[in-house]
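These are the residues of each chain, in order.
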Amino acid sequence: MKLITAVIQPHKLDDVKAALEAAGVRGLTVSEASGYGRQKGHTEVYRGAEYTVDLVPKVRVEVLVNDEDVTTLTGVVVNAAQTGKIGDGKVWVTSVDDVIRVRTGASGPDAL
Amino acid sequence: MKLITAVIQPHKLDDVKAALEAAGVRGLTVSEASGYGRQKGHTEVYRGAEYTVDLVPKVRVEVLVNDEDVTTLTGVVVNAAQTGKIGDGKVWVTSVDDVIRVRTGASGPDAL
Amino acid sequence: MKLITAVIQPHKLDDVKAALEAAGVRGLTVSEASGYGRQKGHTEVYRGAEYTVDLVPKVRVEVLVNDEDVTTLTGVVVNAAQTGKIGDGKVWVTSVDDVIRVRTGASGPDAL
Amino acid sequence: MEPFLDTGVTAWMLVSASFVLLMTPGLALFYGGMTRSKSILNMMMMCFGAMAVVGCIYVLWGWSMSYGESLGGIVGNPFDQFGLGGSFDPVSILNEETGAYMPTIVDVGFQATFAIITVALIAGSIADRTKYATWLVFAGLWATLSYFPMSHMVWGDGLLSGAGPFASIAEPIDFAGGTVVHINAGVAGLVLALVIGKRKGWPGEAFKPHNLPLVMLGAALLWFGWFGFNAGSAYGADEVAGLAWVNTTTATGGAILGWLLVEKLKYGKATSLGAASGVVAGLVAITPAAGALTPVTSIVLGALAGVASAFAVSLKTRFGYDDSLDVVGVHLVSGLVGTVLIGLLATDTGLFFGGGIGQLVVQIIIAVIAIVFSGVVTLVIALVLKATMGWRIPEEDEVTGIDQTAHAERAYEGIA
Amino acid sequence: MEPFLDTGVTAWMLVSASFVLLMTPGLALFYGGMTRSKSILNMMMMCFGAMAVVGCIYVLWGWSMSYGESLGGIVGNPFDQFGLGGSFDPVSILNEETGAYMPTIVDVGFQATFAIITVALIAGSIADRTKYATWLVFAGLWATLSYFPMSHMVWGDGLLSGAGPFASIAEPIDFAGGTVVHINAGVAGLVLALVIGKRKGWPGEAFKPHNLPLVMLGAALLWFGWFGFNAGSAYGADEVAGLAWVNTTTATGGAILGWLLVEKLKYGKATSLGAASGVVAGLVAITPAAGALTPVTSIVLGALAGVASAFAVSLKTRFGYDDSLDVVGVHLVSGLVGTVLIGLLATDTGLFFGGGIGQLVVQIIIAVIAIVFSGVVTLVIALVLKATMGWRIPEEDEVTGIDQTAHAERAYEGIA
Amino acid sequence: MEPFLDTGVTAWMLVSASFVLLMTPGLALFYGGMTRSKSILNMMMMCFGAMAVVGCIYVLWGWSMSYGESLGGIVGNPFDQFGLGGSFDPVSILNEETGAYMPTIVDVGFQATFAIITVALIAGSIADRTKYATWLVFAGLWATLSYFPMSHMVWGDGLLSGAGPFASIAEPIDFAGGTVVHINAGVAGLVLALVIGKRKGWPGEAFKPHNLPLVMLGAALLWFGWFGFNAGSAYGADEVAGLAWVNTTTATGGAILGWLLVEKLKYGKATSLGAASGVVAGLVAITPAAGALTPVTSIVLGALAGVASAFAVSLKTRFGYDDSLDVVGVHLVSGLVGTVLIGLLATDTGLFFGGGIGQLVVQIIIAVIAIVFSGVVTLVIALVLKATMGWRIPEEDEVTGIDQTAHAERAYEGIA
Ligand SMILES: Nc1ncnc2c1ncn2[C@@H]1O[C@H](COP(=O)(O)OP(=O)(O)O)[C@@H](O)[C@H]1O
Ligand SMILES: Nc1ncnc2c1ncn2[C@@H]1O[C@H](COP(=O)(O)OP(=O)(O)O)[C@@H](O)[C@H]1O
Ligand SMILES: Nc1ncnc2c1ncn2[C@@H]1O[C@H](COP(=O)(O)OP(=O)(O)O)[C@@H](O)[C@H]1O
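Residue numbers (my numbering), protein chains in the order written: chain L, 5 to 116; chain Y, 5 to 116; chain P, 5 to 116; chain F, 1482 to 1897; chain D, 1482 to 1897; chain U, 1482 to 1897.
No lab work stands behind these hints: they were computed from the structure. All residues carry an ideal CB built from backbone N, CA and C; glycine is no exception. There may be inaccurate statements among the hints.
Unchecked claim - Computed cross-link-like contacts, DSS-like style, restricted to lysine-lysine with a CA-CA straight-line distance of at most 30 Å:
(1) P/Lys-44 <-> P/Lys-21
(2) F/Lys-1747 <-> L/Lys-44
(3) L/Lys-89 <-> F/Lys-1745
(4) F/Lys-1750 <-> D/Lys-1681
(5) F/Lys-1612 <-> U/Lys-1679
(6) P/Lys-89 <-> P/Lys-6
(7) U/Lys-1679 <-> P/Lys-44
(8) P/Lys-44 <-> D/Lys-1867
(9) F/Lys-1689 <-> F/Lys-1750
(10) Y/Lys-21 <-> D/Lys-1681
(11) D/Lys-1689 <-> F/Lys-1750
(12) F/Lys-1612 <-> U/Lys-1689
(13) U/Lys-1867 <-> U/Lys-1689
(14) D/Lys-1867 <-> F/Lys-1747
(15) F/Lys-1689 <-> F/Lys-1745
(16) L/Lys-44 <-> L/Lys-89
(17) F/Lys-1867 <-> U/Lys-1745
(18) Y/Lys-6 <-> P/Lys-21
(19) D/Lys-1745 <-> Y/Lys-44
(20) D/Lys-1679 <-> F/Lys-1745
As the list claims (entries may be wrong) - A few chain D residues facing chain U, derived, Cβ under 7 Å:
(21) Trp-1493
(22) Leu-1552
(23) Gly-1553
(24) Pro-1559
(25) Ala-1614
(26) His-1691
(27) Trp-1726
(28) Val-1777
(29) Val-1781
Said to hold, decoys possible - Residues on chain U that point at chain L, a partial pick, calculated with CB under 10 Å:
(30) Phe-1485
(31) Thr-1615
(32) Pro-1684
(33) Lys-1689
(34) Pro-1690
(35) Leu-1693
(36) Thr-1869
Please model the complete structure; the sequences and the hints are all you need to start from.
As structure tokens, then:
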């Protein structure tokens, strides 16, 4: 099994979620993150002190998938998250040794 | 070495932490997450507008372990986190190339 | 490609970011975390009830890198994050099957 | 009779002015908590900006345009008492018989706070997307061209007052500002929402309140301040003030219950945003009526206003105008409920209490005039500003968040 | 003497009523900040619900049951002045000699705010787990059956007043509501906590306050409002009011220091929750005593109350009742400290000031009667509601969070 | 003339005292929102601590040192009216002609609130790093040795009052505390910042406000409370109070606009922290001048103060003193602007209004004396405490966060 991790623009989360659902994915995990990259940050001013904030709010989406679905689903994520502007984010894939569903204790592809 | 990642119910964190400690684990990392899955979300109402919130609060626990402890410890986590209700979460295992303890720079199993 | 994950002291984030930038890294992802380990937590008191809080605030930094840069860059992170005190954190490395830049759809090392 | 300073009344009016001043920051919290976390500061800044701009111009020409020499019953002459000079009379006789007076300067302060909050109310309809400089200019223009004339007409012995033509039917009743404040601001909110247009993503995406405890705190400060607004409008520390005070409380109680009931029946749950909104709806409705009803009929008025506004907040999605924080649904609708139902419920002159139809007719007339006047004036101002300064921030800035893009700040600290 | 309207006193009473009204939202913040973030809205809603329900019924039958024709010194006849009609006398003479009066309607407003906050206080003991509809019904029933009778007995020339039987020993002193408000609410809180039962996970799991700045803001609004509560209870803008004002401040100062000292000695750290709790403990203790002590003896009383309540908040874990936000530890205990210590510290009649034992005896008697009366009445209401509507939300809803499950809202925006 | 209790004035003074008391929690929010989230509680605790300590000592020896028998025009004898006993006169004649009086105890309350807020103001310069016990001791010592003497000199018929030597040039004007409160606290803040030293990481690291809505709420409560501060300082419910009320509003409006303009020109963006800071700068500047200017000249004074303080907050980075929340830039600078510009703008005696140079000279003299007096006294106290109790918490505790390390709490709930 594989884990697809996607770091995307926060306002694209709903689209990505919907697209994955449409593609048959039945679960995923989301968390807040901040990104640093080509997309430049912004400046804040507090009583005359200027601060450059180079971290930009992002959302991380993690989906455990079967090996054979990886290519399709990374494509689905990329398509749904793409706006074409700098800062759209990254998607990466890692191999997973095992997955267990806590409720049942079942492991392997059945646990997805 | 392996990394065990567990996405669990927030109110089970203390139990999982205690169980891992009892099993000899000396460190772990926790973060907030939200899950989407079979567990259905809820509806919110603000001035007549109804919103379906399908993300449910979860907690992510990450534990770096030696290869030989993986099976035992995933079992410990699953046992401690299990309530038997939908939404109990997932546990997955990935392989880790190397681990370094920042304080000392030591790497490998000693860094755990 | 590899993914370097570092769990560090929050006040070291700026140093780590600067050091990685100086080492040529062009992007990274940051998120909030809490750690449990040798570093002891603290006690809180609310109307006579004492609570031991054994989770300590940390920051997680994730950097996708080319295979050949792993050793250098983990070294950079460790150096920048080190204070020598208990609780400095951990760095670990995992293998990544593929990386895609959402904006362009390009994958592999070019996507970094 | 020898004029004498009534220190009791003066004390109460100083307090009332202070209470009403606090309403605008209260509103800033009420509104600010309802925005998303990326635009609360802008909302609060619109309110504070109104305090600064309107506070200053009120003493320059606002007082004079409200209470100066009347130009045809429509507006006071701005130069008559410009800067509180000219024919400004420092003594305000409260009671011709006893000779009790209060210093007019206290009234200036009290009235200034009304002008401020009325302007600030409008900001709720244009959250998240408005250029700040345009807002500040609008605040000054609208106070000058819409608020001051309305307050002259109603309270400055103008067209809609007891000295105006409609008093022959029945004396129009607007105790503390149903027309001048709430209908006026409500209509202006509607016009601005239409001229400025919808926020990106509205209504499809979720625009949920980001901090409901702040909303409730804001509602509470509004309630508190409203005692100055209503009971202060008695211009006395007497039975009328006391009645207005009690009615302000019972109407609000009724409105909370009315709003929560609608929610419970429609959605199965009573919400805190509903309770806070009910507070405001009740306060709005009792504003024109605070001296004319009994505590018991006030409960009824409040409950009806709560029910009406609870339904009215859904209109914007039906008709597609993005009145972001429901200035129309709450202030216009409950302002109308209060202004018009006086015709039915007024203790002395209401239809239900044997007073005949006259009061009701007059109340409808003044409500309609207020709607038309405010609508036309606001539309002209809004279109002129659209053509000149422009109203909207860039769409991208709206998505990123107006706090960051327009004010270089974020409300709450975080790592990004 | 010719009755004349004392505008100064009337102004002060209008202000006092406004101040006390603000205390309930202040309490909503004080309590709400102490809950976990998933149940703050419900806590605030219990307070706002009390405002709505009790505000309305007060003008219907509350005033009449408090100050109407006495039924055996226990309670006023609800029909005597129902809806502020009947034998309602619009004029309240303040001073028989000078003829100064205030309009009674102002007093109605003032008194209504006391009834509201007393009911709201009870909510603190049953956080996180209570059905909202049951709470609303309880609010109405308890005000009617416990609060109105108590206020009649103490302030309506009833059994526990200077007109009652115990005055032959010494005139009972309850300046602003030690028995009527704090002992009454404190006992009710204890009874409800026992009847409704513990929250799931209590006391093993962590029930930590989620927003201490809100707690401190709430404490500050309580302090501010309490000036109306205590100094307003002088029913005059005079020396007694001034003394009550100063005592309210010095007792609170003493109580903060007392509470922080206990914490420093017991835990090594002085906490902000301790400071905020000290504020309330001091205010509670001085409530009955505000007119009877000097500013210096008030410091002493406050410090003792701070110390007593700092210890008393630990009782619930010892005895196993889940009085979630310490209504017992703070209101009952400091209410008792204040009520009883008057017998020692009262400037004229206290034991330490040569007044003999009489005052102390009487103070203990009224405290005990208040405890018993409130305990019995609350128990009956609580059991009836348990058998009919039920008190508890489902355990699962409690774990998920009552804001989400009972009100379909969350206090703060987030991605989940 | 027969003395008679003026209930109107007494009512207003009771209210004013209550308003000013609320300013300190307002300040706690204003300051607390500006700290990082790990040290807000400590900041609020410093404010609440000042309320407790100064509130208690004010009735013990503070009143006596301010208004008791004068020791050389510098300070009152602490034993003269210790504990409000001795020669304490319960009646304060307000008007020799009419005989109107208020109870002195009301004035005690009013004055105590001034002492409290002045001490609390200082806390802003030493955020995040100060031992709490040392702060509490400092609060008591500084009130005793700096505040009470200054208030005696200016308001207790001392050296800097109309009864002092400089009155031969022109009567010094300090309506509500430009010298006693703002210059005094501002200088003390500067001295403490220098003695205690910089926070670890300052100025390199980001010290950003963690909760700007709280800052704005705090500013609003300060504005509200300031009506008691300024208009209450008229000691009457009359025209002077009314004028002070209006000037307080227009000066603040001017200052907001002034501050925002500077930001817009310097940084391209007007910020909410700027608006909130402008509020305070305007309020500070009008404090000494509230009775001496017109509403229109108040706008000018406010705007100048807003501009001056907007520039002045950058001084600390230039000169390297860590005045964490700008006590110097806001209170000292705008306090000086207000105190000195009276010499130019005072309606009767200002240079620009034909009054000659005398007033200006006197205003500069009293400002300089206040600076020197406060500077020396504070330095001595600060150094003594440094040598004895110590001022700083361990550096590691500062990094972890003073809320957790000094108070065993965290402001907001989270998993860590
Ligand atoms: N090497 C990297 N490792 C981890 N995350 C990265 C890396 N590079 C970029 N990211 C993440 O991707 C986001 C977008 O990257 P950015 O360079 O701004 O835009 P783009 O990918 O469109 O060129 C960043 O905000 C960061 O969260
Ligand atoms: N395919 C997946 N990839 C990543 N996380 C998942 C996936 N499926 C489920 N999860 C996580 O596990 C949680 C529980 O899953 P859910 O389907 O609701 O219940 P259960 O696992 O008990 O059937 C989800 O909230 C989500 O965080
Ligand atoms: N086995 C582990 N798995 C995952 N994270 C760990 C593990 N051990 C430690 N950590 C993380 O590293 C942090 C520092 O560890 P700690 O034991 O406190 O100090 P040190 O590494 O300096 O000995 C912890 O707070 C936690 O976030």
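Take a quick look at whether F/Lys-1689 and F/Lys-1750 sit within 30 Å of each other, Cα to Cα. With a Cα-Cα distance of about 17 Å, the restraint between F/Lys-1689 and F/Lys-1750 holds, given a limit of 30 Å.
With a cut-off of 30 Å on the C-alpha distance, tell me whether U/Lys-1679 and P/Lys-44 pass. Within the cut-off at roughly 28 Å; holds.
Decide if the proposed pair is consistent with the structure: P/Lys-44 and D/Lys-1867, CA atoms, cutoff 30 Å inclusive. Between P/Lys-44 and D/Lys-1867 the Cα gap is close to 46 Å, so the pair fails against 30 Å, i.e. violated.
Would you mind confirming whether the straight-line C-alpha gap from D/Lys-1867 to F/Lys-1747 stays at or under 30 Å? 27 Å, holds
Tell me if the straight-line CA distance from F/Lys-1867 to U/Lys-1745 falls inside 30 Å. Distance ~22 Å between F/Lys-1867 and U/Lys-1745 Cα, so the pair holds.
Can you verify the interface hint for D/Ala-1614: is its Cβ closer than 7 Å to any Cβ in chain U? 28 Å, violated
Given the hinted pair D/Lys-1689 and F/Lys-1750, is their alpha-carbon gap at most 30 Å? 27 Å, holds
Hold the hint about D/Leu-1552 up to the distance rule: shortest CB distance to chain U must be less than 7 Å. Violated, about 35 Å.
Is the interface hint for U/Lys-1689 satisfied, with its Cβ closer than 10 Å to some Cβ of chain L? 6 Å, holds
Does the structure keep D/Lys-1745 and Y/Lys-44 at a Cα separation of 30 Å or less? 47 Å, violated
Return the status of the interface hint for U/Leu-1693: holds when the least beta-carbon distance to chain L is below 10 Å, violated otherwise. 9 Å, holds
Regarding the pair F/Lys-1612 and U/Lys-1689, is the alpha-carbon distance no greater than 30 Å? Given pair F/Lys-1612, U/Lys-1689 holds - Cα atoms ~25 Å apart, limit 30 Å.
Going down the numbered hints, you'll see the structure goes against 2, 3, 5, 8, 19, 22, 23, 24, 25, 29, 30, 31, 36, while the others check out.
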